[in-house]
Amino acid sequence: MFVFSTCFKLTYDVEFLKCIAKIGEQKKSYVGIKKTSKLNQTQQTHRPTSKVGKQHHSLHHTCSSHLNADVNSPRFVVSFLCSFQLKKLFPTRVHSSLCNRLEIKRNLKSSFQFTPFGASEIDSKVRVRLRNITITMEQFEQLLTCAICLDRYRNPKLLPCQHSFCMEPCLEGLVDYVRRQVKCPECRAEHRIPYQGVQGFPTNVTLQRFLELHIEITGELPDPTSGQIMERCNVCSEKAYCSFCFHCDKKVCPECKGAHMDILRREICRINNQIRRSIHRLQDSLTLVERNTQSIQTNCSSVTEEVDEIYRRLSKALKDRTDYLRSEVDRYLGTELRTLTSLKENLEQEISNILSNCDLADKHINETVDWDDCELMDAKEIFLKTVEFIRNFEYENSDYGRKVRLILAHDPNQLVLHVAAFGDLNISNQHQFGGGGGLLQPPGGPGLMRSKSDHRLASQFRQQEERGYDKGYGENTPEELPLSGRKFGDRTSRSTTTNTDRYDRYGRTGGTDYGDDYEDSSRPARSRYRSRFSRHAPADNDSDTEPTTRGVRFSDQQKERERSLDTEEVTRGPLSGIQRLADSPRVMKKLQENETIKKKEKENPPPVPQPKVTPTPKKPPLANRQVSEEDEISKIKKQNKGATTSATTPETAPAVTITKRTEEPEDRIGNTRRTPASEAASSDEESDTSASSLQQNQRKVTKTVTIRRPSGPEPVTAHKKPTRSTSSDSTTSTESSASSAIRNSTVSQTPEETKPKFVARVTESTPERARTALSNTNKSSSDQKTFQSRFLPNRTPTVVTAPPAAKEPETSSEEETESEEESEEEETPKPVTNPDMSRTDIGALLARSAQARDSSDSSKTPTNSYTRTRSTPKEEESTPSYTSRFMNKSKTSSNVADDVEDEKYTAPKTRYSALKDRRQRLARSKSSHAFGDDDDADEPISPTTANPTAYMQSRGYGSTTTTGNDLSRSRSSHALKSRENSPDRTTTNEKDGAALSSWARYLKNKYGNRSSTKDKETGTGSVSPSASSSSAARRLSLGLPLRSSDVGSSDDDQKNMLGSPTTPTAVTVAAAGIAAAAAGISPKDQYLQKSNLLFKIGGRGSEPGLFTWPRGVAVGPDNSIVVADSSNHRVQVFDVNGNFLKEFGQYGNGEGEFDCLAGVAINRIGQFIIADRYNHRIQVFDPAGRFLRAFGSQGTADGRFNYPWGITTDSLGFIYVCDKENHRVQVFQSDGTFVGKFGSIGNKPGQLEHPHYIAVSNTNRVIVSDSNNHRIQIFDVNGKVLSTFGSEGSNEGQFKFPRGVAVDDQGFICVADSGNNRIQIFHPDGTFLKSFGTWGSGDGEFKGLEGVAVTPNGNIMLCDRENHRIQVF
Amino acid sequence: MAALPRRIIKETQRLLQEPVPGISAVPDESNARYFHVIVTGPEDSPFEGGLFKLELFLPEDYPMSAPKVRFITKIYHPNIDRLGRICLDILKDKWSPALQIRTVLLSIQALLSAPNPDDPLANDVAELWKVNEAEAIRNAKEWTRRYAMDN
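Those protein sequences? They're chains Y and S, same order as listed.
Residue 1 is where the first sequence starts when you use full-length UniProt numbering, and the numbers rise one by one after that.
Residue 1 is where the second sequence starts when you use full-length UniProt numbering, and the numbers rise one by one after that.
Hints were generated in silico from the structure; no laboratory data involved.
Any given hint might turn out to be false.
As the list claims (entries may be wrong) - Below 20 Å or equal to it, Euclidean Cα-Cα: the simulated SDA-like pairs (lysine to any residue) are:
1) K10(S) / E138(Y)
2) K10(S) / R154(Y)
3) K92(S) / K1244(Y)
Stated by the list, open to error - Chain Y is faced by these chain S residues, among others (derived, beta-carbon under 7 Å):
4) R6
5) S96
6) A98
For every residue, glycine included, the Cβ atom is placed at its ideal position computed from N, Cα and C.
Model the full assembly from the supplied sequences, consistent with the hints where possible.
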């Protein structure tokens, strides 16, 4: 605040302005304060001094709130300020009501006048002053306003007349570029523009100071566009302050951008509707899946039942059989046992009997016992019998020895196998999932694998993705996901921070994905994927220095990163990877903001800073950053406190802010980083700044995090924890190199351990450091190798070669230790988080410099090396996106190049060489081959259409014309070329025309050729067509123009000659050509046959296709018919068949306007050259009919005209004009520069009287219809008379007022003998050949002939003036 | 279509907020570059009391080129022809971007009070004005009464 009283007497205005400025500043707070209706102390302190009446309470309040208590503001100042400020700020309702209260009236001059309110309090003197001041203020305002844009001056430039205007766009718009002067809008003084343009005018420094002052005191926001440069909008090409539009990837003006956003919104709506409409597909799929679930269940259960059934049956059969067999065996055993037992018993009895007999006999058959003989005999018999029995008895061993054997019907082993595989399950492929849509189709797989249920789809999807990433950088993999791994709305986030951030602007020109990827690399939630997909992404366990493993490793980490990309805290569709928008923090934030805004409208402004406010402190440019850091921190602290205290909203709010904060710097880093990358500029300065910026960013991050932690919400740490644990899990495998070991340990150790260790490591002895450094160098060199090998083919080494600041590592390490210390001081439960986090940040940031660093420092600290080891892969990871971008670009450009090359290549070849070429191209690289194929696809058309001529010529006429082959080849090539350039051939022709030296050759060739042609013509008639065509070929081969008279549609013409009749004329021409060729007749005979009307165009009228007194006629390079529709003051263009194509011109004397134009000619590049008769000038139009230039005016001097009439142009582009009333012919260069003139009034040779029409042959003979002398004169290009023929009369070879003349490429001359109403055709030497036509209005009858033209194929077209039509013969 | 330049917006605002006495210019609803203008006949001129309708169109490159202005109400004036076209130098070669709609309309109003028969557009009117000014003024008054007062 400043003190009014001290200086207000001296410099009122300024002080007032300052007051107003302050008021303006507090404009917003005013409302708030008024609402709170708290009277602050300032007011009270003021009241006695200001003595403003109580009824002005509120106003007074306002004022006092604007002026601090220490300001001894004079009371009138206060009241004035009230009024003025009110007028300024509250023009509407508030204003009026308050004004009423103040009793302020506005007079007509719209300045303020105070009615005496509290007259006793404000003395009149002061009031007068006040009024003066008010007026002064207005004037002051006015003085700062540019008279052109009525806006505040923007870069005011001082003209010599002392008037100032904004440089852009005001003064720029005033510039008269033709005269290089600017006319002051105020005083109309004309000033020359300085050499360097309007910016060469001195800047009005005084005014600029005033502007600054004004800005300073009004507190008006500086023009947001002040620093920017106006550019042409890439869409509407208006000059505006453009910004980047993500919709079209162009810089566009705000309007277009808005429109594009609308488009996007509409598109989203539309797509959304589509989705809504087609969501049923998914739902169908869902129901289908459900149905499938059911059917598969039923199916399986039935199969199970079947299996069970079979089992039952089989087991039953088996059991029955087994039982049966067992019982059989038992039965057998029983009977056998029984018989054996009885046998045993019998035998035992026998034995005992016999033994007793023997015993008895031993004992008793002796002398002691008296046996009678009978008894002895019996005994003897018994014994004999016994002996006999014993001898005979034989146990039938075999009988009882037979064994039972189980005879099996089948081989038991087989049987077991059979039973074991008694059934198989056959899953048929289709009908299980039938109709489930392509997505749900299972891939073919063996056996039961196939029937794996659908969850495999998800993993398949993932695998595919990963495979995509494995394939590497070349693929456009990032496009597979909708946001390509970005967080939702990231790019828009950048566009919101556009205005203040310069880096941003630059950065945005680079690849966008680049920065985004960067940001992602530090996203904490890597773990989820790691754990989930550890199968696909084996731990990054290798630290070897071999490049091969390196490659593997990279891809692995890529995957890892990809995973980390995917895991924004957002639900994703498992199949499509589509995010659920409602879960995206950004969306949540937006919606929340919306709500809060709505709320705000109802309530007082909330004291809590909304999320949106948080990024704003980060906006100021880098330079301010350092200074404002403390402030920022405190601000953030405050905000955080506020956030936590007022955290009545669900946890989402803090969560969002956290993520926001961590992202934001990253974002910025991404931007800064992109600058060097995209520009490929290796300026150390830049990287320095970026380095410092990142330091700061990073510091902020760490700080905010540390601050945050105690205050409660823990999402960050929550994310962190799993990360660490899982990654340690996965990385605990064999890591040998020191760096990775370090890393491993850091990661896997518990926080408490890590801290000391980490610190210790910083101060550790050199050996380890050296080792790590070494391994790092190795590593990074190999890294480099892989980079390059990948990048080089893509021609984007830029990223690789961007060298970093050598300082970077040191500073960053410092940074780290610092943050570490901080965290120690804080003594938070998880101190590692900070270093870890910062490290990841640094890692990401330093990635760029990794390569250069490895060469530079052996003094690297382990921390650095650590970051490096981490960062390198990250860089790698981040590359794909932008490389793919680059690649695409370079590819496309090279494609274009290829295309062009190929075109050039293939075009000038005949079919043979084309074939050869194709073969060559096949041998080329794949990419170019692909495009070569494109060409090839085209080629078959062209050879068949255009090349046959060459082909046939080389075949058929090769023998007669020695050079025919070559010529035809090149000719046809030219035809091809021009064909490719069609519809308008300008480019080729221009190119051709540019080489003037070739013209000399051309002329020479032509003449040489001509003579030879003539020779041949006279020799054998049959050769002549080929000769002529070969001459044409030669002409074409030399890149020759097609003149208006012998305008050759090179290809069409040739084509027709060889008969591929497509158009009516083509038919006739072809017929004629063929007839000519067959009969061996010369064009002479062709002309002799003339007199039959081919067709006619027009009739009287002013509609398109109708004429009023057509005069000039000419043939365009594409065989179009161009007619000067004289009294309709326009030019009409018809196609070869007389169909109306276009018209241009109207009555007047402005550019592109005509007044009874007469002659018309078309030069070799298709420009229309018009003799604008009554305007006495020549106008030139481009092939599209747009005005190019005009030259000439009425007069008799060189370059002036008196009713210019006929006009023509020769092969060199010179323009010949019949200057009718000056009785001369004037020659100009194509740009209108006068070249020469010939002729004067008279009837001697070389003199002219009312020359009307003119034509130039391709032998540069200038044929003029010397109308009033009733003759044709032929001049050479220098104006020397070559010959004269004709005289007044109506016999053959005589004329009455001949007008139109034309000459064909054979030199035959066609004259419109207007007085005799006939066409006469003459030999090149002027001897009569043919005449036809008579007076009348029927076909082939004329009334008042005007211009004549001959098409390359020999058609004669003429302007039948009084019949208002064109007739073609 | 390109957006309306700020200058036109500003001019329009000012025209509406601080209208010039005797002149009203209202932009067309559908085309902000087209204005419906009503100019009152200046006092002490034969056109006094008349309300003259004009149309004013700001071309694409306004203010670098002059607005196109035309009388819709018939007026008997040597510098205004029967089609309503106005012969006024600042509408032609003397146009300056520092001029505005209001200045143009003021100039036209001034032209009404000071006809210039020496640089005529309507020859017959100019002739009469030179030969018999009283008659001409009478005619002008009559035309004003007839065409410019009824509505």
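Checked hints:
1. Restraint check for K10(S) and E138(Y): satisfied, since their Cα atoms lie roughly 16 Å apart, inside the 20 Å limit.
2. Of the pairs offered as hints, the one joining K10(S) and R154(Y) holds, with about 16 Å between alpha carbons and a cut-off of 20 Å not exceeded.
3. In summary, the hint linking K92(S) to K1244(Y) is not supported, as the alpha carbons are separated by about 51 Å, beyond the 20 Å threshold.
4. Taking 7 Å as the C-beta cut-off, the interface hint given for R6(S) holds, the closest approach to chain Y being about 6 Å.
5. At its closest, the beta carbon of S96(S) sits 4 Å from a beta carbon of chain Y; the interface hint therefore holds under the 7 Å criterion.
6. Hint on A98(S) holds. Least Cβ distance to chain Y is approximately 4 Å, under the 7 Å limit.
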